[in-house]
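One letter stands for each residue in the lines below.
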Amino acid sequence: MLNFRRKVLSLGIILMLAITAMLTGCGNSQERSANTAPAANQEQTKPASKKLVVYAALNEDDIVQIQKKFKEDKGIDIEFLRFGAGEASARLLAEKASPKADIFVGGSVEFHDPLAKEGILEKYTSPNAKDIDKVFSDPNGYWQGWYMGVLGIVINNDRFKKELEPKGVSMPKTWDDLLNPAYKGLFVTSNPATAGGAYIFVSNQLFRLGEEKGWEYLKKLHANVHHYTPGAVDPISLVATGEFVAGMSWAHDILKTAKQGYPISVIIPEQTAFEIGGVSIIKGGPNTENAKVFVDWLLTKPVGEMNTKLSNRYSVRKDVAPPEGMPKLEELKLVQYDREAAMKNKAEVIKKFSEMIGQK
Amino acid sequence: MLTILCIVLATFTFVLWPLIKVVTFPTIDDYMNFFRVQRWYYAGLHSLYMTFISTISCTIIAFIFAYTIVRLDVPFKRLFRFITVLPIVSPPFIIALSYILLFGGQGIITKHLLNIKVDIYGWQGLWLVQTITFFPYAYAVIYGVLRAISTNLEYAAFNLGASPWQVFRDVIFPLCRPGVAGGALVVAINVLADFGNPLLIAGNFYTLPTEAYMQIAGWYNLPTASVLATALLLPAVTIFFLQRYWVGRRSYVTITGKEIDLAFSKTPSLVKWLLFSVCLAVTTVVILVYGVLVIGAFSQAWGYNWALTLKNFRYMLARFVEIYNSLKFAFLSSLLAASFSMVLAYIVQKKQIGINRFLDFLGILPGAIPGLFLGIGFIMAFNEKPLALTGTGLIIVLGLAFWNIPTCYSSSLAGLQQIGNSVEEAALNLGANNFRSFKDIILPLLQVPFLSGFAVSFLRAITNLSVVIFLVSPRTVVGTISILGLVQNGVWGSAAAFTVTLITIAFVVLGIAQLIMKKTGKSLDI
Amino acid sequence: MSLNPNDAIIRIQNVTKWFGSIKAVDNVSLNVPRGSFTTLLGPSGCGKTTLMRLIAGFYEADGGDIYIDCKRVNGVPPYKRNTPLVFQEYALFPHMTIFENISYGLKLKGLSKTEIKEKVDEMLQMFSLQGMENRFPRQLSGGQQQRVALARALVMGQSILLLDEPLSNLDAKLRVEVRGELRELQQRLGITTVYVTHDQDEALSMSDVIAVMDNGIIRQIGSPWEIYFKPRNKFVANFVGTVNFIQAKIKEIAGSNIIASYAGGEISIRREGYSVSPGQRVILAVRPECISISENNDGVSGANQLFGEIKKSSFLGHMIRYWVKCREQEFIVDDFNPSRHGCMSGKVNISFDGNKVHILEGEG
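From first to last, the protein sequence lines are chains R, G and E. Heads up, the first sequence is in the numbering used here, so the first residue is 7 and it goes up one at a time. Heads up, the second sequence is in the numbering used here, so the first residue is 61 and it goes up one at a time. Heads up, the third sequence is in the numbering used here, so the first residue is 82 and it goes up one at a time.
Don't read these hints as lab results, they were simulated from the structure. Nothing here was measured: the structure is a model prediction, and the numbers come from that model. There may be inaccurate statements among the hints.
No more than 30 Å apart at the CA atoms, straight line, and that leaves these computed lysine-lysine pairs for DSBU-like [said to hold, decoys possible]: (1) G:Lys499 / E:Lys311; (2) E:Lys188 / E:Lys198; (3) E:Lys311 / E:Lys198; (4) R:Lys265 / G:Lys388; (5) G:Lys499 / R:Lys77; (6) E:Lys161 / G:Lys411; (7) R:Lys77 / G:Lys371; (8) R:Lys324 / R:Lys77; (9) R:Lys56 / G:Lys171; (10) G:Lys171 / R:Lys190; (11) G:Lys410 / E:Lys311; (12) R:Lys289 / G:Lys81; (13) R:Lys123 / G:Lys388.
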């Protein structure tokens, strides 16, 4: 009985083996690339590999454009994975033991800085950084700012004209204009508990008005908020399709959607906050030499111009013109934003904010 | 023996081990946070509440659909059947965009057609979306039970003097109660684990899966994500066990194999057309939702400028690799899931080896694990030696395969149950050893369940986001990940184009599977 | 038909089989003579199918030994036992044609294509299945499927054939027809056949040997005649045919007759074969057709005669069955010559033939 049962089951094994064979076929190609990578690393002298693995917290088309141009300029192939900055950080932390990526590009430096403290980043100061304002470089040398984004207000022109103008409301110019009760139920923004941009917005108000008045502002604004979206960019589409009249998000993303033909305008209020978009090299990544080439390349003027054109973000280079439809960097009145403090207080602020908005 | 060992080992490694990893990752303090942080506590309540009300509404609509399709003589029945397949094969979250466009504050239906003011961003909106998205899961179960009820029984009741309503109340409904309960629980597990729809439509009505996802995506907080995922796992496992051991054993349906040529008794006209209009209404909504998606894929600016264009598909060309990856991983994982399940089902059903109940349990256990949980578990469990799989295609294939095993396993098991024991014994009796009888008799007879299990797995895999979202690497990005990115970046037109392409591929695969089945003279029921 | 055990082609010795806590086969011993048609008869759940499956090797015995052709086969897997079996539901392979079904066993044996073709053709002819070889089982009628199942078993050319209620899925008329054909075929081929059924008519009409089973044990083994007329116990008497039981006590043994007394008087039974002693309580078994019935003349019951009243009658064409109440007991009486006096009613006399009353010993 045992004997023939064994035979029956051997068929199962054959099946499984066949599948395993197929699977290892597709698994192996991965292994191979992982194996060749450290070898290239050991040579050090010459970047033997023609590859670069990038974790990108950028818009899909931005990174596709970078991939294409980098190949043209330097002959190196970029393999990228696009996700949110938080997710990328989570991934980098998880892979600390055996890093799979070379570069972490995009996402505000608030996400790069903790990674440096975790010992995940490689120290590197690009020779091209000398043309750039010191504010945009990590004093410790782990990350480098390469673009800048500011927070803005998005307005649906059609609905604004139809519904608010008759009430005598004019286009908002400041953050305080949003407290007008006319916006009640017509304004959307994102939740600082889930969206990095929303946290910068909250800190923005606290820095702008001071602790006490800042919270008062947020409470008043809360009365107008229809709901808090999970992602920072989510409000834009909701306003663009006319679901809501006004929203808060990144100015460059608003502009980008406007250029698709939607009837929206972007307003950059006084005393707005900004993010510094970072790039950093992963320690022990498979193609560290290429990563350095990438950082140097990213800081050049042509690349800055290219990225500004497509993504509508400000370049950190003074010699790159501002994005079309945006004021000059010097004309912006930015809030005094204490990045260190903002990072330190995060947990507490979010807790307080969550309690303030309650279940909403 | 070796095969059994392999199966047990594989299930332990790829189901239980990731599960344990996630549950043990956070500290006690992290767990206590769940009750301290109001938001998560409420997320838990929201999830349970939404699961409860959606389950009720899904089950009612599913029953109406099943009843109409099985028993009523009304037009559009083929269309109704098609409608019940659509939501199953569509990628999550993108559909929510269509709902906003149709039912939102400026919605085509709500504002321009009906001119009513409703707020879709909240539990009511989510309820509508979840009901229409998940009722097909209950439909499939109820349909099967309803169809199997012998017409003799209702005629027997009529014969004893029962009115049509009494026949329904006393005979038909009680007989399909196990199916209704089973379908309801399938819905419950799916609604509970869904995070695509709440992400976009729930407004401030946040749920556990969205919170868990945002904890990683927004703040790379793995311990908290694990806590939330575990909080999600508890009710899921509870529902799962309810289904297994409370409903699973109570089927009154006996398949006698006797052909009954009595037609179903007639349903009163009024009731009939009432049920028909409910189906028609739901069908209209589903068609509108997908119609909007298709039109959106071909228009200049989603929801604003409907001028036709192909520009949204340009993006697709650049991401050809991702579609190829989607297809490749879906194919391999479905093949693995279907083969693994077939061997497992064969051992459970036909071989008395003492641990049959346990193996059966392992076969269906992954059904209780939300995809997001499985994904998080996989990155935690297979990031280090001895099984350093993160970043490979293998980890995606394995993740999707084990996520799909319950589907394939059930269909293989059902197929095996239909093969009388004596058929295999006849082969043994004629001199075939166990291997030969499996190869010559069981394999050919399991062709249909194998293929239908494979097809469903394939569709589920190609449209899956929850499992793969944390498993993809630069070389193994799949289509749904891109769609999520496009939605998040507000490029909804391209997202719609990508989705339409994926759905089309899914239906082509379904069509091919059906064609193969037709050739062998059988039909594929999904 | 008593035999030297070594002549038995299948020898079952003290076999026991448990299913969980249920003893399906309980210490059963049975010899199946070479070339015989042996039937396992019993109600459903009596263990007859289990016993057959033990022979075919689908189950392993928990105790005891099974020998086939003098070889002990315990532990030998079913595919090495050479015991072709025809299943109750035929178990034809639904995905194979008729030709493939019949040839499957030969293919496994590794026979050449021409050999297979030759043998299958022979079977097709024997069972009038020519022209159907390319059809699938579902395209055949029940009777045809049954013949395919038989052909698939017989084509193996083994000296043993196991049949598990093969006629139960046929309609009544066909069943009687096939019964005769099957017996004829078995005798022509001289193949040792074990036949499982719950139908006494099948068992009586086809068998050389019948083993009556109940609750996992064999209650009696014997020829159809023995089983019918000399049942060893109440169960066998009752299961095979219809029977009247009479509680009685042995009064005396008078020469070649045994005199037994019962509630209705005394009855004289031929002594041969019985070892009873006066005073012993016994049960008498009388078949309905062994009682004669006549219209009552004087109302007095004499020796082996009883006076009673017809309670009910049922006309079956070739006979009339009466339910006759005699004092406290009701007798079933069959009158096989009804035209003689038409359908009777009211008071009647019934009488027993002393040669046809059977004593069940040890059942008092």
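Status of each hint after checking the structure:
For the proposed pair Lys499 (chain G) and Lys311 (chain E), the alpha carbon gap of about 51 Å is over 30 Å, so the pair is violated. Of the supplied pair hints, the one linking Lys188 (chain E) and Lys198 (chain E) holds, its CA atoms being roughly 10 Å apart against a limit of 30 Å. Between Lys311 (chain E) and Lys198 (chain E) the CA atoms are separated by roughly 49 Å; this puts the pair beyond 30 Å, and the hint is violated. Taking the CA atoms of Lys265 (chain R) and Lys388 (chain G), the gap is about 36 Å. The hint is violated against a cut of 30 Å.
Among the hinted pairs, Lys499 (chain G) with Lys77 (chain R) is inconsistent with the structure: their alpha-carbon atoms are about 52 Å apart, more than 30 Å. Between Lys161 (chain E) and Lys411 (chain G) the alpha-carbon distance is near 19 Å, which keeps this suggested pair within the 30 Å criterion. The suggested pairing of Lys77 (chain R) with Lys371 (chain G) holds, with an alpha-carbon distance near 24 Å, which does not exceed 30 Å. At roughly 26 Å between alpha-carbon atoms, Lys324 (chain R) and Lys77 (chain R) fall within 30 Å of each other, so this suggested pair holds.
Note on Lys56 (chain R) and Lys171 (chain G): the hinted pairing is violated, with a Cα-Cα distance of about 55 Å set against a maximum of 30 Å. Among the hinted pairs, Lys171 (chain G) with Lys190 (chain R) is consistent with the structure: their alpha-carbon atoms are about 19 Å apart, no more than 30 Å. For the given pair, Lys410 (chain G) sits about 44 Å from Lys311 (chain E) by alpha-carbon distance, which is inconsistent with the 30 Å threshold. Proximity of Lys289 (chain R) to Lys81 (chain G) is assessed by CA-CA distance (about 26 Å); at most 30 Å being required, the pair is judged to hold.
Between Lys123 (chain R) and Lys388 (chain G) the alpha-carbon distance is near 39 Å, which puts this suggested pair outside the 30 Å criterion.
Checked against the numbered hints given earlier, the structure breaks hints 1, 3, 4, 5, 9, 11, 13 and satisfies all the rest.
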